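A.B. asks: Could you slot chain E onto chain B? The hints should help.
Here the protein sequences line up with chains B and E, keeping their order.
Counting in this note's numbering, the first sequence runs from 65 upward without gaps.
Counting in this note's numbering, the second sequence runs from 31 upward without gaps.
Below are the DSS-like pairs computed for lysine-lysine, each with C-alpha atoms no more than 25 Å apart in a straight line:
{"id": "1", "chain 1": "B", "residue 1": "K175", "chain 2": "E", "residue 2": "K34"}
{"id": "2", "chain 1": "E", "residue 1": "K128", "chain 2": "E", "residue 2": "K86"}
{"id": "3", "chain 1": "E", "residue 1": "K33", "chain 2": "B", "residue 2": "K175"}
{"id": "4", "chain 1": "E", "residue 1": "K122", "chain 2": "E", "residue 2": "K145"}
{"id": "5", "chain 1": "E", "residue 1": "K86", "chain 2": "E", "residue 2": "K145"}
{"id": "6", "chain 1": "E", "residue 1": "K128", "chain 2": "E", "residue 2": "K105"}
{"id": "7", "chain 1": "B", "residue 1": "K206", "chain 2": "E", "residue 2": "K145"}
{"id": "8", "chain 1": "B", "residue 1": "K174", "chain 2": "B", "residue 2": "K241"}
{"id": "9", "chain 1": "E", "residue 1": "K122", "chain 2": "B", "residue 2": "K206"}
{"id": "10", "chain 1": "B", "residue 1": "K206", "chain 2": "E", "residue 2": "K75"}
{"id": "11", "chain 1": "E", "residue 1": "K128", "chain 2": "B", "residue 2": "K206"}
{"id": "12", "chain 1": "E", "residue 1": "K75", "chain 2": "E", "residue 2": "K128"}
{"id": "13", "chain 1": "E", "residue 1": "K86", "chain 2": "E", "residue 2": "K105"}
{"id": "14", "chain 1": "B", "residue 1": "K174", "chain 2": "B", "residue 2": "K80"}
{"id": "15", "chain 1": "E", "residue 1": "K75", "chain 2": "E", "residue 2": "K105"}
{"id": "16", "chain 1": "B", "residue 1": "K174", "chain 2": "E", "residue 2": "K34"}
{"id": "17", "chain 1": "B", "residue 1": "K174", "chain 2": "E", "residue 2": "K33"}
{"id": "18", "chain 1": "B", "residue 1": "K241", "chain 2": "E", "residue 2": "K33"}
If the Cβ cut is set under 8 Å, some of the chain E residues that face chain B in the computed set are:
{"id": "19", "residue": "K33"}
{"id": "20", "residue": "A35"}
{"id": "21", "residue": "D36"}
{"id": "22", "residue": "V40"}
{"id": "23", "residue": "A47"}
{"id": "24", "residue": "S132"}
It should be emphasised that the hints constitute simulated quantities derived from the structure, not laboratory data.
Predicted model only: the values in this text are computed from it and were never measured.
For glycine and all other residues, C-beta sits at the position ideal for the given N, C-alpha and C.
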Amino acid sequence: MINKSENIKNGNSLTKTRHMVFLALMVSIALVLSIVESWLPVPQPVPGIKLGLANIITVIVITFYGYRDTLMVVCARCILASLYTGGLMSFFFSFTGGMLSAAVMAFIYKKASGVFSLTGISIVGAVFHNVGQILVACLIMKDITVLAYLPVLLVSGIVTGFFVGLCSRFFSDTIRKSGIINKPYRSFAKQSEENLK
Amino acid sequence: MFKKADIILVVIIIIVAAIGYAGITIYRTAAANDVKIAEIIQDSKVIRTINLDALKSPLRIQVSGDYHEVILAEKGRIRFEDADCPDRICVKTGWLTKVGESASCVPNRVMIKIKGESQKVDGVTY
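Okay, chain B solo, but in the shape it has when bound (with noise of 0.2 Å):
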């Protein structure tokens, strides 16, 4: 293992490696993530509701790297995900909804991080998320019907995004102790410090 001063010494690239290492582990682990959950029985009151456990990746970058690199990772995620599931027509459903998401969760924790915490922000990606999909079911059947699935997925939405939140809280806690990212941390490390004390 390479230890912090080592890689401090050897400069940027290696820190660019590492860099570009994280997020494809986190693209890899995103896809794994939803694989499983497709096996997962989950009850289904609504036809639709899905866990959304691939939005726990979405956090974890947007924590620990910028929303570039989250929507980079959120775009790799789908388009390989839609190359062994449903095809076009998922592709287009996780693509907005995860990118919608994915893009209001990165301008709150960028803007408000201080104001919501990591299971609030989860939150409102999960519900962008939904009403991002929603969008695109009324997009292809041209047909506002398609609307009044809108209330159930947006508690649906704040279920899910719970459970999302908490994950993401344990995960970047795992991540920030086994010191794989040696970059300061933004306002959500210390703020998840005080937490542990």
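C.D. replies: Showing chain E alone in chain B's frame:
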């Protein structure tokens, strides 16, 4: 773990959802006495309309396209009975019984919805 702003946010989302749900419910109960007309729509074109209230015997309709669906209509209700699309959300939606309800198979761009048509006066006898 939870901040004050988070709770406010959750409450706002729940209020918005509740208002939306209430609106839809009011719309549906207002139209509850209407004649139920089911429309099968593909690529935003109506390919078939069925008067569900006038239906005597169950009716099966095949819909083709990128995927195939079997729609089953009975008196007062209609559903996707079977589909070969990957997620089968349309089949899981189940029976549509009320005016304003809809089920869609987005991969095949097929949708069924129940439209209300107010009762015609000439059906009433004295």
